[in-house]
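> Residue strings, one per chain:
2 protein chains.
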Amino acid sequence: MTTEYKHIGHGRKLIDGLEKITGQVQYTADFQTARLLHAKVILSPHPHALITSVDKTAAQELPGVVAVFTADELPTAKNTITSRNSAVLAVGRVQWVGQPVAIVVGESEAIAADAAELVWIEYEPLPAVISLDEAIQHGTPQVWPNGMPKEGDDMSSLHARVEAGQAVVGDKPNNMIGEVHFERGNVAEGFAESDVVIERTYRTSMVHQAYLEPHAVAAVPDPFGQSLTLYTSVQGLYGVRDEVAKLVGLPRSGVTVKPMAVGGAFGAKYGIYDPLVAAVALALRQPVKLVLTRSEDLLSTTPAPQTLIHLKTGAKKDGTVTAIQATIYVDNGVFGFSHGGIMSLLMGGYYKWAHTKLDAYEIATHKSPVGAYRAPGAPQATFAVESNIDDMARELGFDVLEFRLQNAAEGGDPSGVGRPWAENIGLKQCLERLKIHPAWANRQPDEQIGIAIGGWPTAVGTSETICRVDTDGKVRVNVGIVDISGSKSSLALVAAEAVGVHPDDVIIVQDDSNGAYGPNSGGSMATYSTAGGIHSAGLEVRQQIQQLAADHFEAAAEDIEIVNGQARVRGVPDRAVGIGQLVEGTRWKRSGPGPISAAGKSAVAENAPAFVAHFIKISLDKVTGVVTPLEYVTVQDVGFALNPLLVDGQLQGGAIQGVGMALYEGMVYSPEGQLLTGSFMDYGLPRVDNVPKVEVIQVENPSPHGPFGMRGIAEPPITAAPAAIGNAIRHATGARLTELPMRPEVVWRALQ
Amino acid sequence: MTTEYKHIGHGRKLIDGLEKITGQVQYTADFQTARLLHAKVILSPHPHALITSVDKTAAQELPGVVAVFTADELPTAKNTITSRNSAVLAVGRVQWVGQPVAIVVGESEAIAADAAELVWIEYEPLPAVISLDEAIQHGTPQVWPNGMPKEGDDMSSLHARVEAGQAVVGDKPNNMIGEVHFERGNVAEGFAESDVVIERTYRTSMVHQAYLEPHAVAAVPDPFGQSLTLYTSVQGLYGVRDEVAKLVGLPRSGVTVKPMAVGGAFGAKYGIYDPLVAAVALALRQPVKLVLTRSEDLLSTTPAPQTLIHLKTGAKKDGTVTAIQATIYVDNGVFGFSHGGIMSLLMGGYYKWAHTKLDAYEIATHKSPVGAYRAPGAPQATFAVESNIDDMARELGFDVLEFRLQNAAEGGDPSGVGRPWAENIGLKQCLERLKIHPAWANRQPDEQIGIAIGGWPTAVGTSETICRVDTDGKVRVNVGIVDISGSKSSLALVAAEAVGVHPDDVIIVQDDSNGAYGPNSGGSMATYSTAGGIHSAGLEVRQQIQQLAADHFEAAAEDIEIVNGQARVRGVPDRAVGIGQLVEGTRWKRSGPGPISAAGKSAVAENAPAFVAHFIKISLDKVTGVVTPLEYVTVQDVGFALNPLLVDGQLQGGAIQGVGMALYEGMVYSPEGQLLTGSFMDYGLPRVDNVPKVEVIQVENPSPHGPFGMRGIAEPPITAAPAAIGNAIRHATGARLTELPMRPEVVWRALQ
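Protein chains in written order, with our numbering: chain R, 1 to 752; chain Z, 1 to 752.
There could be a bad hint or two in this list.
One copy or two, either will do: identical chains are not told apart, so a pair holds if it fits within one copy or between any two.
Stated by the list, open to error - Under the rule of at most 25 Å between Cα atoms (straight-line distance), these lysine-lysine pairs were calculated in the DSS-like manner:
no., residue 1, residue 2
1, K435, K617
2, K13, K435
3, K20, K258
4, K617, K693
5, K352, K78
6, K6, K150
7, K246, K589
8, K617, K150
9, K258, K316
If you're looking for bench data, these hints aren't it; they were derived computationally from the structure.
This is chain R alone, in the form it adopts within the complex (with noise of 0.2 Å):
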C-alpha cells in the first residue's frame, strides 16, 4: 500500500496492547469502591409463567446480605416493560428462561450468590411458545396477544390475559410484532423470464457474541439519590445513559457514563444490565457492582436471532440475475428488533436484480430477546442469497465468480429497499481482486474451495474532539467514542500526522459522558465519525504552533515546519525549538494566545458501503462430516485504511466470527424453552486450533465522503463466511447445505 502520509496508513500496533496482555487494564470487574456493594441476579427457569410468591426470609437473614429487590421495590417498578433493556426485573410473569426476576445485594460476591439461591420463587407455568416454526403458526400459543407493550401501558393488564390460540387479523404469521415489506418491479415476471429459479429454505441459528468479558456495571449514586456514576462496559457512552435516566428516573444531567475497558460488544454492549444495577444503586444509595457469570450472561442478555428463509430466485442463460422473492422470519425472542429492513437491504441490492420482492416478519417467542451482534442480519442474509447465486451460476454453467461480476450491483444501484446504494462502492473491485489472486486463479478441479460476497451499508455518527499540545510536547486528543477494536490506535496517527508529532506522542483520551461527544462503537461508525474532527482539530493546533515558533523565531508562520515535535524554520533544521517549549511559554503569557488548543468536529455527509470477496479452502471428512478450515483469503473494500495492521486484525477477526457462525456456533434451546448451550462447555466458539490461517487482502477504493477516503471496516469481515463454506461444500460434494452451523451431524445428513 502506498500512502502520501508519514503515519496515517502506516501499520502501527495497538497502543494499549502491552497492557491488555500483561493484565493491567482496568474492566469494570476489576473496579472498586467505598462501600461496594456486590449484587447477584435471581433469573427464571421457566419460559413462560406467573410469579405467584416470592420469600426473600431466608436470604435477608443470611448475614451480609444487604436487601433483595423484586421489580416492585425498586425505582424502575411504574414503567412499562417493552424492551430487554426496560425489563429490569420480570413483573408478574416471566418469558423467557433468563429473564432476571430479583436481585440479592451482599457485601461480597460470595455473599449474594449464596443468598440468591436461599430467595423462594414461586411460579405458576404458562403455555410458551419456543420454536420459531411452530410460534408463526396460527394456534400456538401467542407471546404478545394484543401487540408490544408501548411505553406507557399497564403492563398488569396485559399480565392478565390468556394468551394461546387468538387469531390474527389477515395472513400474517402468528406472533408477528413486526413487518417490513420492500417491492419493486414484478417478481413474477422476473421468475417467468427465468430460465433457472431456485427456491429453497434457509434456517440459521441463534448465536451469541460470546465476548471474553461478561456484562458488568457498577453504579455509584449521591447520597441523595439524585443522581449517579455508572462505570460500565459500553460501546457508547450517550445512549446508555439517556435510557438509564429515563428508566430511573432522573434527568440526564444526573447521570454520568464513565466506560470501562471493554472486553469485546460486538453489539450487546448497550446498557442491559445499567438501568437495574442504577436502580439497585439508587434504593440502598450506595454502591453496587454486578459482574455477570458466563452462564448468566448467556441465558440474559441479547443475541443474534434465529432466521427462517423462504427465497426464490432466478437468472437467464446469458447469467443475468432476473428476480428474487424472499420471506423472512425473524426470531426476536421476546421483545422487538428489528432486521428485516438490513436482510432486506443486502438481500435485493448485492446483485442488479430487475426484480426484487422481500418481505420480512419480526417473531416473537419466549426465548431470549435478541439484539445486535457485529453485521445484525447480514451473515444469515447473505448465506441464504450467496447460496442460491452460487447454485445459480453452477446451474447455468458459469463460473461462480464470473457470475458475481457480471451481476455484482455497483455505486447508485438500487438497494433491497429500494434507496440507493452511494456513488463508488466497491464490490466488483473485491471480485477482480480476488480473481486475480492465486488461491482462485490457480484453483484445481479437486480442490474443496468456495467463495462468496457480502457487505454492509456501514453507519455515521457526529462527534467532537479536543487536540491539545502540552508543555512535554504530548498531544492530547479528548474524544467520547469507546475504544473496543483499536480506534484509538489509528486515530492516534491522524493526530500525529495533522500536528507533526510521532505516534507515541499522541495520548487518546476518553471522555466519559462530561466531555467530548462521540457516537456508539457500533454500526462500524466510530474511527469513520471521528477521524476527520480530529485532523481538522490538529491542523488547527498546527497552526497555532507554527504562529508560536514564528514569533519565536522572528519568522513568518508560513515558513515554520513540524517535524518531529520540533518547530523549525524550513531550511534550518538545525535551529529547532520543541512544541512543549513553545507551549510553555504560553502558560503565563499576557495577552498571548492562551492554550494550545482547538476543537474539532465531524459531521459526515454520506455513510461509506464496504463490500468483501472471501475464498475458503476447506476439509471435508465425508465420513464423519466434518469441516475443517485450511485456507482463508479476505478480500475487503476498506476505502482507505488508516492503521492498516489494525484493519488486518478486524478482517481476520470477523472471518473467524463467520467461520463459528458456519460451522460451530449455535444457541440451542430444548422444546421446554431451556437453553441447553448455557456455558463455553456447550456453546461451540471456534478455537485457535481449528480456524484456518487468513489471509487479508485490502482494497482500497476511497469513499468520496469519508475522512481519507475511509469506509467503516468492522461489520463487513463477518458477513460472507457461512455462505462461502456453504458454497465450498456444495462445489466438494453436491449437496447444499441451508441450516447453520453446518456441524458435522448436518453435514453428513446432507450428504446422505
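Let chain R serve as the given structure and place chain Z on it in line with the hints.
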C-alpha cells in the same frame, strides 16, 4: 448594585453548598480503590540531627505491614533536596522538628500507625538555630553554610560539614538564603526634610493556614510503575503534576492529577506530600493513601513565616509622606521562599513615597519550611507600614483617614519595587467609601476604633474552557481550575448569561490534567483568569444554537433570541423550542454542524490590583489585656462582582482570618526547636464567639483588563486586619503594639 446582566452580578448561593453541609462531597480521605494501602509518616523529633540508624525489624514483623521506607529506597532517592516538595524523606540528617524521615505502609491506617511506633530511629543531635533573632547573628549555627543546595548538588557532601559559626562575606545577615533590594530617591534626604520620623521594629509570628482538611493524597500506579494517577487535595493540577513527574522520574504524561474536593488550602496545597506518596506507590506498584493528622499537618507543611521588620518612615507637617526605609527579615525555616519582594512592593507602594529603600532578607532556621498563605507577606508588611502611618498622622495632628487619603497611591504610581501600579487602582475609592460609612462618619471620641488599608496586586494566568450544550438543554463547561472558594458558582453565571439559560442549567465540570488547562487557584487569579474564556465560548455556542433555531423556524439567525434555554423568533415568544431539542437534532445529522460546543481561551493582558480599607471597633479590657472585636467594616475594590453573595463570603472570611492573625494565632517553637502549638488545642484560631460581625462594602471600580471589569478578590481581605486592630488599640490606649499576635499578655505588657 446595578448590573446590565440577567445572571452575572446577581448573588446566587454555592452550587455545592448542600453537598458540602450534608457530607456527601468526596474528599481525598474518602478515596477508595482496590488494594489500597495506607501510609503513616514518621516525623523527626529533632530540629537538627544526623540519622545514625533506622531499625525497621519490629515494624516489618507486625502483621498487615507491607513496607517501611527510608529515603534511599524510593524512586526519589537520587534527588537533591532543595525545597519542601523535594524533601520527600530526610537523607542522612533532619533539619526541623516534623521533617518526614520514614514512611510505613500497611493494610489499614491503624496498622500503619501502630507500626510507625515500632520503627526505631537513632539520631545524633547537631547544633540548631531556632530563633530568627539569633539566626541572623553571626556566630550562631548556620543552616546552609554553603548556601542552599541546587538541583544536582551532591547532598551527602553537604551533609558531612560542620555547620556553625562560619563567616558570611560582607555585612549580610547570618543564615541569609535570599535577598532583594529596592531603592528609589534618597531616603536620607527624605528623612531630613521630614517633620516626623517614626522608627520601630515589628515582629509577626509564624502562622498556619489551618484549613479544615489536613493534607491528603492517594496515588494509584499502573502495575509496571510507568504511570500513576494522583487523587489529591490540591490548588492546581499542572504544577503538582510536573513536580511529581520530575521528582519520581516519570514523564509529565505519566502523571495524571485528579483534583478532589479541597477542604481549604490558602496557599499551602501545592503537592507537599504528593511526591512522597507517588514514590511509595511506584515502589510498591500498588495504590497508597496518606491522610495527615492535624498535628502532622502543623509540623510538616508550609506555614506563613515569622518576620522581623525594622521600619522607618517620615512625613511633613503638611501631611505629605516622604520616605520609607525598611529592613525585612523573613524566617523561611529550612528552605527558601520569597516573601521579600511582595512585602517591599506593598510597603513602598501603598502611598506616594518620594523616597524608598527596602532591603529584604530570607533567613534559614531549623524550623518548618514556610510557604504561601493568603496574600503572602501582605498582612505582615501592612501591619508594619499601617502602624507607622497611623502614628505619623496622629503625631502631625491629622485625621488618620484623611492622612491616608492624601497620600494613597493611584494608578500608575510606582509600587515598592519600582514597577508602577496598573492604571485605575481603587485604594482612594475604598477610603472615600469608608469615610462616608456611618461607623466612621459618626464615630465618637471614646470609641475604640481603628482603620487600616491593605491590598494585593493579584495574579493572572491563562486558561482554556470547553462549553457544550447537551440534549437535555444543560450547558456543560469544562474547566481546569480547582474550585476552592466558589469559583464554579460564579463561573456558572457567566455561562448562563452567555448561552441564555438559567444558572441551574449550567454544570461546571472540573477536568483532570487530561482535560482543559487552567491556572492554580491561588494569587486571586482562578476566576479572573477563566471567566473571559467561558464567556467567549458561551457566546459562540449561543450563535451555533441561533443558527440551529434559524433553520428550525426558517428565520434569520439574527432574529433568534434564546431565553431560559428556549430559542424563539424575536417577537414570537409563543413558539419556542428547547435548545436541548435542537441539539438532539444534530446528533445524527449528516453534513450538519456536529455537536454544539465551543472552546474559549483566556490570556488577560494585565493583573488588576485590589485594595481595601478596613474599620474595626474593639472592646479592650485594660485589666486583662483582652481585645474583643465588636464591629468590622471591610471596604474592598472588587472591580466587578460576578457573584456578589460569594464575594461577600470571601471578604468576611478574609477579615476573620486576619483577626485570627492579629489576636490569636502563632506557631510557637521552644528554644530547643519543638513546636509547642502542635494541635488545635494549642494553636489559637478565631472562634465564632470571638469574631465580630463583618459588614462588607463592595466598591466596583472596574479593572480595564478584567472580564466585566473584574478583579481578583480573595487575598486583599486578609491584609489589613492586624494593622486595623493595632491601630484601634493605639487609639484606645495610646499604646502601639508591634508584635503579632496581640494576645492579652502582649497587650497588657504594652499598656504598662
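> Against each hint, give a clear statement of whether it holds in the structure.
Against the structure, the hints:
{"no.": "1", "hint": "K435 with K617", "in the structure": "within (15 Å within a copy, 98 Å between copies)"}
{"no.": "2", "hint": "K13 with K435", "in the structure": "neither (30 Å within a copy, 73 Å between copies)"}
{"no.": "3", "hint": "K20 with K258", "in the structure": "both (19 Å within a copy, 23 Å between copies)"}
{"no.": "4", "hint": "K617 with K693", "in the structure": "within (11 Å within a copy, 90 Å between copies)"}
{"no.": "5", "hint": "K352 with K78", "in the structure": "neither (50 Å within a copy, 74 Å between copies)"}
{"no.": "6", "hint": "K6 with K150", "in the structure": "neither (54 Å within a copy, 43 Å between copies)"}
{"no.": "7", "hint": "K246 with K589", "in the structure": "between (46 Å within a copy, 23 Å between copies)"}
{"no.": "8", "hint": "K617 with K150", "in the structure": "neither (49 Å within a copy, 71 Å between copies)"}
{"no.": "9", "hint": "K258 with K316", "in the structure": "neither (57 Å within a copy, 69 Å between copies)"}
In this structure, the earlier hints numbered 2, 5, 6, 8 and 9 are contradicted, and the remaining ones agree with it.
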